[in-house]
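Trainee: Starting from the structure of chain A, add chains B and C where the hints point.
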Amino acid sequence: MTTEQIKIEHVNFKYPGGEHPVLNDVNLTIQKGAFVAIIGGNGSGKSTLCKLINGLIPHYYVGDFTGSVTVNGLDTKESKVADLSHHVGYVYQDFDNQLVRARVLEDASFAPLNFGHADYKERGKRALELTGLTGHDEEFIWQLSGGQKHLLALAGAVSLDPDILIMDEPIAQLDPFHAKEIYDVLKMLNEQHGKTIIVIEHHTEFIADYCKEVVLMDQGNVIWKKPTADALRLVEQLMERQIFPPQVTQAAFKLDTFSNKSYPITLSEALGLFPNQVGEEVAAHGPTNNSERAGRQSIVEMEQVSFAYKTITRSKKTVLNGIDLTINQGDRIALVGNNGAGKSSLMRLITGLVKPAEGKVMVKGKNTRECSPEKMADFVTYIYQNPEEMFIEDSVRKDVSFFLKARKVPEYEKIVDRILEQFELTSLQERDSRLMSGGQQRRASLAIGVAMNPSIILLDEPTANLDIATRKHITRLIGTLKDNVEAVLVATHDMQLVAEWANRVIVLKDGHVLHDGTRESVFNNRELLDLAGLNPPQIMELSRGLNMSPVCYTVDDFVAAVNKQFGEENNDGIQTKII
Amino acid sequence: MEYRQKLFDKLSVEQVKIELLNTAYGNDQTFLAKLDPRTLFIWYLFFGFAPWFIHNQAILLGMFAFVVVMMLIARSSPLIIFILCLGLLGQGGYLLLAAWFFGGDLSTIMPLLILTMKLSIISLASISVFTSMDPEKLSDGLLKVGVPGQVSFSISYAYRMLPSLIEEYHHVFLSFRLRGKAPEKHGILYWRSIAYFVKIAMLSFYPLMLSTSKRARTTVEALETKGSFFAFNNPKVKAIKLAHLTFRQRDYWFLTFSLLYVISLFIFGILYS
Amino acid sequence: MSQIQERYVLTSSQKMMVFILSMSLYGLSNMITELVPSAYLGPIEFSIEYFAFIPLTLCMLFHPLYAAVGAALGEVIFGEIMLGQFGGFGELEKFISFSLAMYIAGSLVKDPRNRKQVGIAAITGVIIHQFISMMVDIGKVWIGVEELEAVPGLAESIVVIEGFAFLNDVLFSGILFALLPTLYLVPRLYGKIEPLLGMKPRDNTMKFSTGEIVTPRLIVGGIVLALLSFFFEFLSETDFNVEWEADFGENFMWVSIGVSAVIAILTVILMVTRKGKNTKEGMDERKVQ
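Those protein sequences? They're chains A, B and C, same order as listed. The first sequence begins at 1 in the numbering used here and counts up by one. The second sequence begins at 580 in the numbering used here and counts up by one. The third sequence begins at 853 in the numbering used here and counts up by one.
Chain A extracted, bound-state conformation (with noise of 0.2 angstroms):
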C-alpha cells in the first residue's frame, strides 16, 4: 500500500478556454521514495501533469477534469490545495515569484505560520538548514544570489515536512556549479529523508547521474515510465521529440558500433568503454593568442579598467581590476567565468550605461565618459538576459522597427523585413513578444538588436532557460550575426555555445582576465577550467579523459575522430573490446 504513493488515472484536463485538452487519458503511478524524472517536448503537459499531484488541478486552475488522481491515499479532487500541501511540496520554474516575504527565515517558516504550527519558526529553521541555507536568517530575500533563491523556494516547500518534493527545471536558471549544489540537496532528501522527488528536466546529463526513473510524456500522454539508463538509450525515441540524451550516449549511438544495452549513459561509464589512446600527449596549452588578430581594425579598447560599485553596507566593492583590453573586427568573444566574475559589469562599461572608476573605454574612438549612452547606442547593442525587457511594444514587428522608425531611416520596412526573416519570426510578426515561448522570445531580442544596426552586440547569456533544442537553434542564429555586425561579445555559462561558436575566449576571474585566447587554449588547460569553474561540453571531457588530439568540441567531431581510428587500426581488436 506504502509503495504506490500517486496514482494518476484516466485524466483528462482542458484549461479553461483551452481548445485542446492537455492532458490526454494519462495514467501513471510513481512509488515512494522514487526520484524521477518527466521529460517532454514544449506542450507536452509536463507542468500540467504535476500540478495534478499538488492539487492545483483542478481547484485552482477550474477547467474540464475527469479521472481521479490519488497522492498518500487521499484524493485530491476532494482536499483542499493546503490540505495536500503538507504532502507535495512544488517548486516553481519562476522560482523568484513563489518567494513573498521579505526575509529569509520568514519566507521558509511562512507555510507553517499559516497552518497555525506555534513552532514554526523552527521549522522554518530546520528546512533552512537541510537546503543549506543556515545562517542567512535574517537577511532580505533580494541579498541572495539567484542559487540561493532557489535553494530558499526548495526550503520553502520543505517547511511542511511532505512525503513528495516537485521542482520545475530546477537549474534551467543556474550556472554548472549551483546546478550541481541543487541535485545533490535533491540527493540528499531523496536518499536520507526518503522523500519522493520529481523533477521536470531537460539536461538528459543530470538525469543520467541523479535520477532513477524517466517518464517521457508527449502531446498530453505519458508514453513509458523506464529506470533511467534503459530510457536514455533509447535515443531515436527522444531525438523524435526533440530531447538529447547525453552526449556520450549521443556519441555511442551514432558510432553503430555498440548494441542498444550498452550504450553509456555517464561519463565514467564512456570512459571505460571507448578506446583509450595511450601514449598521444596532449598538448598542454594551444596558443594563447590569435596572431591574425593583429592588424585588424580595433572596435573596443580598454586601458587599465577599473570599476567598483557601492554595497548595501556602504562599502565600495570593487568588480573589475586593471582590465587590459581589445575587441577587433571580426571577434566572436565568448566572456566565461563564475558568477560574479565581471562579466556583466565588464559588458555595461562598453554599453557606457556605467563609467569606470579609472581608466578609460574606448569604443569606436570615442571615450565612454564623454559619451551619453544614447550615442552609444549607435554603436553597441546590449542584449538584455531576460529578453522580456527588451520588448516595449505590443507586437515583434513594431519592437523591431522602433530604433529605425524613430531614426527616420528611409525603407526601414525592408530592413525590418529582411531581419525578421533571419530570425525566423516572419510568421510571429504580429504577436505581442512578451506572449511568445521562450525560445521565440530570444529570436526577437535577437532581432531587436540587429535592427539597430551596431558594431558590436553584447548578448548576457543567450541560451540560459532554453530547452537543449531551443538552445541549438539560437546558437545557430547567434553564428549568423557574424554577417550583420564586426564583433560579438557573448557572456555564458553554456560551455557547449562556447567550444561551437567562439574564436576567442576570454576567461574572468574576480574582475581580472585570467586567460584570453583561442578556445582550444581554455579547454585543453584543465588548470584553468578547474581554476574559473568552468565545466567543459561532457564530450570533450570523454575525449581528454580519452587523450584524444586535438579534443573534439562537438559529439560529430568525436565520432568522426573515432571511425577514422577504425579505419587506421584492426577493426576487431576494438569492436571485440567494445562488446
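These aren't lab readings, by the way, just hints derived from the structure by calculation. A couple of the hints might just be wrong.
Covered stretches of chain B, going by a simulated chain C footprint (3 or more residues, C-beta under 8 angstroms) [what the hints assert, rightly or not]:
no., segment
1, 618-628
2, 637-647
3, 704-717
4, 753-764
5, 812-823
6, 827-839
Below, simulated DSS-like cross-link-like pairs (lysine-lysine); rule was C-alpha separation at most 27 angstroms, straight line [claimed, not checked]:
no., chain 1, residue 1, chain 2, residue 2
7, B, K815, C, K1052
8, A, K472, A, K408
9, A, K32, A, K254
10, A, K225, A, K77
11, B, K820, C, K1052
12, A, K125, B, K723
13, A, K366, A, K482
14, A, K46, C, K962
Glycine included, C-beta positions come from ideal geometry on N, C-alpha and C.
Mentor: Same frame as chain A, but now just chains B and C:
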C-alpha cells in the same frame, strides 16, 4: 543632462536597496523603538488627532514642547524635519499672502500661526512615532489592532518585490531610451526633453503591466499552496504570529507619564486662560 | 476556496492577483513620481502628481474594487512606509478617497472597448479624487482655526487656493497622467492581460456583486450629496455668514469643474471621432451604444 544622470543614479537598484535597508534597520535602539507598537498607537491617537479641536494656546504650546522632546528621543532624520518645516512655512505663507489679498490684516497672522502650530504638533507626533517603528513592527502593530492580514502581508511583499520591480522598470526604461531618439532641441526650459522623458516613463508601464501579471499568477499560486488565504484572518495564526508583542513596564510608565502630563497641561491651560 | 462549479466568477485567488498586480505597479509608480522633482511657475505646480492611469486602467480591465484598494494600499506602502514617511491619519484619508475614486471610475466602465466610456470614467475618477482631497483640506482649516469667520480674508483665501489647486490638478495631472494614457493603454491591454491571470476579459454582460446592489450613479450621487451636506452643515454650525462667501466658493468650484469637464469631453470627442475615421469598428461600436 547632468541632472538627468543623477536621477538615474538615484533610480539604480543598488541605491534603492541601500535606502530600503536604512529605513528598515533605521533606528531600533531608541527608547521609543523599544515600546510596544500599541503603546505608540495609543499615544498617537491623542497627539495626532486632538490638536484639531484644541484652541487653547497654552495647551497647544505644552503639547508642542512634548512632541519636540519626543522627536529628539526618536532621533528622527534631520532631512525629514527640514522638509516638514519648509512645507509648513510654505503653506502658511501662501495662505497669509492670499488672505491679505482678500482684505486680511495683521490679525490674520495669529490664527495662522496657531494653525501652523497644530499642524506641526500633528506632523511631529506622526514622525516621532512612525520613525520609531520599523516596517515589521508597524505591520505587526496594525495586524494586532485589527487591520486585515492582507495589509501586513502586502508590506512584507513590497519589501520582497521592490528591488525586482525597480530593476525591471529600469531596464525597460533604458530600452526606450537607447532605442528611441531624444529630441534634438531641448526647447524652452527643457520642456521638450522633459516631455520626452515623462512620456517614456509612462510608456514603460505597458510592458511592466504584462510581466507583473505573470509574476502575480505564480505568486498567488504559491500563496494558495502555502495556505495564506486560509491564514490571513485566522485568529489562531494571528495569535501565534503576534505572540512576541507584550506590554512591558516601560510601556505602562510611558503611557502614565503622558497621561499625567496632558492632564496637568489641561488644568494649567484652563486656569491660565 | 475555489469551487469547481464557479467557473466564470472571480475566485479569491484571482481577486488576490488583481490586488497584488495593482499594488505593485501603482506602488512602484508612486516611488518614481516621488523621486521626480516638480516645477513651479508661480503658484502653479507642474509636477507629476501621480500616475493615475495605472489604477484607472486596472480598475477598468479587472474587478474595480480589488484594483482600487490594491492601488491605494500600494501608495501607502511604497510611497510612505518604505520611504520612512508614513503619516498616520493622513494616510487613512488618502487611502479612502483614492480607492473610492478609482473604484467609481472602474465601475463606470461597462465595456472597456468603448473609448468614450473609458475617457469619461478616467477624468471622472480624477475629479472625484481631487474633489474629495480639496474638501478635506478646506475642512481641516475650518476645523483647525477657531472662529474662522472672524479672521478677515482667511476663509476666502483657503477656498481660492484649494480651488485653484483642484483646477490645476484636474487639468494638468488629470489629462496628462490619467485621461490620455488610460485611453492609450486600455484598448491595448484588453484581451491580452486577462489571460495572463487566467481570467476572461470583462464584457458588457459581466456584473459585479457590489455593482448589482449599488449602481455607480448611486454612489457618485451619494458621495457628492454627503460631502455637500457635510460642508453646509458645517457652515451653518459655525454661524458662518454664507451669503457672499458661499456663493463665491460654490461658483468658483462649479466653474472649475465645468471648465475641466468641457475640456475632458472635448478630448474624448476628438479621440472618438479620430478613431471613427480610421476604422469602421469604431463607428459600429458607437451605433450599438
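Trainee: What are the numbers of the hints the structure violates, in ascending order?
Mentor: Hints 2, 4, 5, 6, 7, 8, 9, 11, 14 not satisfied by this model.
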